[in-house]
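Participant: Residue-level listing of the chains:
There are 2 protein chains.
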Amino acid sequence: MEYQVLTPSLIAQFEAIVGEAHVLTAQRVEADVYADYGRDHTEDLHFAPDVVVRPANAEEVSQIVRLCYEYHIPVTPRGAGTGLSGGALPIHHGVVLSTERLNRIIEIDERNLQATVEPGVVTEVFQNAVKEVGLFYPPDPASKGSCFLGGNLSESSGGPKAVKYGVTKDYVLNMQVVLPTGEIIWTGANTLKNATGYNLTQLLIGSEGTLGVITRIVFKLLPYPQQNLLLLAPFRDENEAATAVSAIFRAGIVPSGLEFMEREAIEWSSRYLNIPLSLPADIRAHLLIELDGQDLDQLYKEAEAVYAVLEKYDVDEILLADTAAQKDDLWRIRRNIGNAVRYNSVYKEEDTVVPRAELATLLKGVKEIGSRYGFNSVCYGHAGDGNLHVNIIRGELDDEMWHRGLQEPIRELFRLCVSLGGTISGEHGIGLVQKPYIGIAIGEAQLNLMRGIKQVFDPRGIMNPGKIF
Amino acid sequence: MEYQVLTPSLIAQFEAIVGEAHVLTAQRVEADVYADYGRDHTEDLHFAPDVVVRPANAEEVSQIVRLCYEYHIPVTPRGAGTGLSGGALPIHHGVVLSTERLNRIIEIDERNLQATVEPGVVTEVFQNAVKEVGLFYPPDPASKGSCFLGGNLSESSGGPKAVKYGVTKDYVLNMQVVLPTGEIIWTGANTLKNATGYNLTQLLIGSEGTLGVITRIVFKLLPYPQQNLLLLAPFRDENEAATAVSAIFRAGIVPSGLEFMEREAIEWSSRYLNIPLSLPADIRAHLLIELDGQDLDQLYKEAEAVYAVLEKYDVDEILLADTAAQKDDLWRIRRNIGNAVRYNSVYKEEDTVVPRAELATLLKGVKEIGSRYGFNSVCYGHAGDGNLHVNIIRGELDDEMWHRGLQEPIRELFRLCVSLGGTISGEHGIGLVQKPYIGIAIGEAQLNLMRGIKQVFDPRGIMNPGKIF
Chain A
1 MEYQVLTPSL IAQFEAIVGE AHVLTAQRVE ADVYADYGRD HTEDLHFAPD VVVRPANAEE
61 VSQIVRLCYE YHIPVTPRGA GTGLSGGALP IHHGVVLSTE RLNRIIEIDE RNLQATVEPG
121 VVTEVFQNAV KEVGLFYPPD PASKGSCFLG GNLSESSGGP KAVKYGVTKD YVLNMQVVLP
181 TGEIIWTGAN TLKNATGYNL TQLLIGSEGT LGVITRIVFK LLPYPQQNLL LLAPFRDENE
241 AATAVSAIFR AGIVPSGLEF MEREAIEWSS RYLNIPLSLP ADIRAHLLIE LDGQDLDQLY
301 KEAEAVYAVL EKYDVDEILL ADTAAQKDDL WRIRRNIGNA VRYNSVYKEE DTVVPRAELA
361 TLLKGVKEIG SRYGFNSVCY GHAGDGNLHV NIIRGELDDE MWHRGLQEPI RELFRLCVSL
421 GGTISGEHGI GLVQKPYIGI AIGEAQLNLM RGIKQVFDPR GIMNPGKIF
Chain B
1 MEYQVLTPSL IAQFEAIVGE AHVLTAQRVE ADVYADYGRD HTEDLHFAPD VVVRPANAEE
61 VSQIVRLCYE YHIPVTPRGA GTGLSGGALP IHHGVVLSTE RLNRIIEIDE RNLQATVEPG
121 VVTEVFQNAV KEVGLFYPPD PASKGSCFLG GNLSESSGGP KAVKYGVTKD YVLNMQVVLP
181 TGEIIWTGAN TLKNATGYNL TQLLIGSEGT LGVITRIVFK LLPYPQQNLL LLAPFRDENE
241 AATAVSAIFR AGIVPSGLEF MEREAIEWSS RYLNIPLSLP ADIRAHLLIE LDGQDLDQLY
301 KEAEAVYAVL EKYDVDEILL ADTAAQKDDL WRIRRNIGNA VRYNSVYKEE DTVVPRAELA
361 TLLKGVKEIG SRYGFNSVCY GHAGDGNLHV NIIRGELDDE MWHRGLQEPI RELFRLCVSL
421 GGTISGEHGI GLVQKPYIGI AIGEAQLNLM RGIKQVFDPR GIMNPGKIF
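Chain order of the listed sequences is A and B.
So the first sequence is numbered by full-length UniProt numbering: it starts at 1 and just counts up by one.
So the second sequence is numbered by full-length UniProt numbering: it starts at 1 and just counts up by one.
Just to be clear, a hint being listed does not mean it is correct.
Which copy is meant is left open, so a pair is good if it fits within one copy or across any two.
[Said to hold, decoys possible] Capping the alpha-carbon separation at 30 Å, the derived lysine-lysine pairs in DSS-like fashion look like this:
1) K435 with K367
2) K301 with K435
3) K301 with K348
4) K364 with K131
5) K220 with K367
6) K367 with K348
7) K301 with K131
8) K327 with K348
9) K220 with K144
10) K312 with K220
11) K312 with K348
These aren't lab readings, by the way, just hints derived from the structure by calculation.
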């Protein structure tokens, strides 16, 4: 699609809307600050925006979008830029619309266990704010300390708690959205149930900024679970670890976290964080199992039931973390695997997901494909959800292999996921980098429906163009 | 929209697809059997189909729909006909496509806690089948003994367990759907997480059969909670009962059921079922509170916490049902309120929903509007979700009042819901009867998006025409 070029007159109009201080161009700000608006956490990709605009409210977003609609300028909505599929990259240049100033927690409604926030609130800031009044917002992507809630919605983020509590989409009751035409709408109602027309809320969640700009979110919250226990179970066989995952659920237990880490994942991350961890030579993988609730006695009972399940597998001594510091260390190790891998090497992250009992088969497949094509991978992820993050390590791979040679093995990997009843992204989105593979998971008829929906929302194709399909 | 008239040649083609025995016309079957295909549980409405076709599989559905698409014949998908908004009524006549023969439970996957079923399976039959292997399918609309799962999806059904476990949509991982063009698609993947393109699954759920015919469903399941306790708390003031609801959650308790019943609701239903219940004269309302889990000791602790909350209100003696028979009686009373009201009088049921703490305000509003316009109502419903079913009793109302005079008070009622952050249907859908009111809850911009989506899926407008908007 051909877009118009930004003119000085348009820049002046943006300035009139948001103020000069919030219209950034390459000429006005330091090169590295500006460059940051052109990248996210996806590999080493970079695309320069023509201009970065930082509105302060929905009305300003609407005015900016209206101008872009009229003049046919691409708009790429951007949260904190922690995405892993390139969803926030301005690949057609134009306007990067940063939500960083839409960062207010507007209301925490303790009577209704709801909260209204702007999209630029950092996930962990929000979690802490509601925790202070005894409430719980479960979704916790690994980047929770820096990512924005708006980005979490756009990419349908998950995190370790999803296995018991569901993903971001399960906590969104209602959204205010600026459509590509500039119209401002609410997608639903502030209720736990809604059978009133098509579910625009869920249609927009996970649409990766291609259907509109989220400007306000109403979340549902839960009572905060006051107690938790954390277990680390070391396995001599990674496939046994993957198999044990299903057995835990079959025993009637729904853990609040059930994470899988290959030996390399836990090793790299503990080294990166400088947290000493003695790993017997024959340990190949770990399960990190969290139980939560309001009653500690009850959790110890559940922990016993988990032990009883794990005993049936070839598991080494299980660590029960019972101090806050110990729990914190283990979660930090888990959360920093991605950072540790990034610290060691450029990598591509595949966000594979299958029904949970198929995890062992998926893991075997990953390693088999890697050995056949000659690449190493570090695997870890949300085993309880069947969501395995496969980090393909660049290591010694040459440019040809890295940029083109990996496409075929990735195709094979995704075909394996689909053949197991899974798909090609569990919580990172398609964005830019998985776009070539979407046809493996989604047929032409479905893609045509999605294209049709895109056309209904965005007839001029200005909103985050070039993403998903 | 103008549709074509059914011809004998088309009927013959339907017969070739599904067999003569499964093409029903007014001439071929008994009048009352045939008439049933033209009504559901919504008031006393009836619309005669030109023909009822009963396909046995997705391929047959596809062939029927293709013909209707080609010849421009309306298709109204129909489950068990227990809907409360008229979603399954063939208001433009044409074909009623009954899913009654698509009634197989195809697989219960115990490894993955998933099941694959056809849409014509009765909800309770499915619940019992998964319970037999220790699994739990929570959604339980009041009509669970006769309604179909496909209808539950189409109308976004809830039920008492929704307060803890969510509604039907929260258990659907994937669906096979025949589009209005006859194409057969799957909407997602069999995974707990999916960030792969627009969420067609959630877009289709609650679309009331206007975007396609569901022919297969993949559900997620939970471990079956082995224990439960049931409490019946009688209040002298119905607004106190509604207020206590919020307080229970604020105390950190998430009940598996939290139902509100006005005095008349519980009285009518117990009389209808012939279950004796002694109700002190000053009791105005009840809360029915269920707690569930794997550990009975834990539930008694939670019950104590509930008592501690309720003691702060003007509550009479709380009944703790501890035998299966007692629990069953209480739930039957709750479930049969709708039937009891229907037995007493024609009624209109409004499916109002607000944030749960606004329930007392809503209830007051209902009574105030009723007394101003001169009608009686029986109110009950899922208080934990803020979902109040308002049954407006025909009683002595004349035709003019019943058919036209109630529109203005219903408008007022719905405007009150929306002003409280709620909407006009929580779990029954818009269907036919709430269509005149949709503009109260949904703005023109959103309706235009929905119309656009409808056009993408169904360019010839054959699929359940005349519903929602």
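Participant: Each hint: holds or not?
Facilitator: Okay, the hints, checked on the actual structure:
1. K435 with K367: Only inside one copy: K435 and K367 sit 23 Å apart there, 55 Å across copies, limit 30 Å.
2. K301 with K435: Cα proximity of K301 and K435: none, with 46 Å in one copy and 51 Å across.
3. K301 with K348: Neither: 41 Å inside a chain and 49 Å across chains, both beyond 30 Å.
4. K364 with K131: neither (40 Å within a copy, 33 Å between copies)
5. K220 with K367: between (40 Å within a copy, 29 Å between copies)
6. K367 with K348: within (15 Å within a copy, 61 Å between copies)
7. K301 with K131: For K301 and K131, both the intra-copy (26 Å) and inter-copy (23 Å) Cα distances are at most 30 Å.
8. K327 with K348: within (29 Å within a copy, 55 Å between copies)
9. K220 with K144: The answer is both: 18 Å in one copy and 27 Å across copies each meet 30 Å.
10. K312 with K220: between (39 Å within a copy, 26 Å between copies)
11. K312 with K348: This pair counts as neither: shortest intra-copy Cα distance 35 Å, inter-copy 57 Å.
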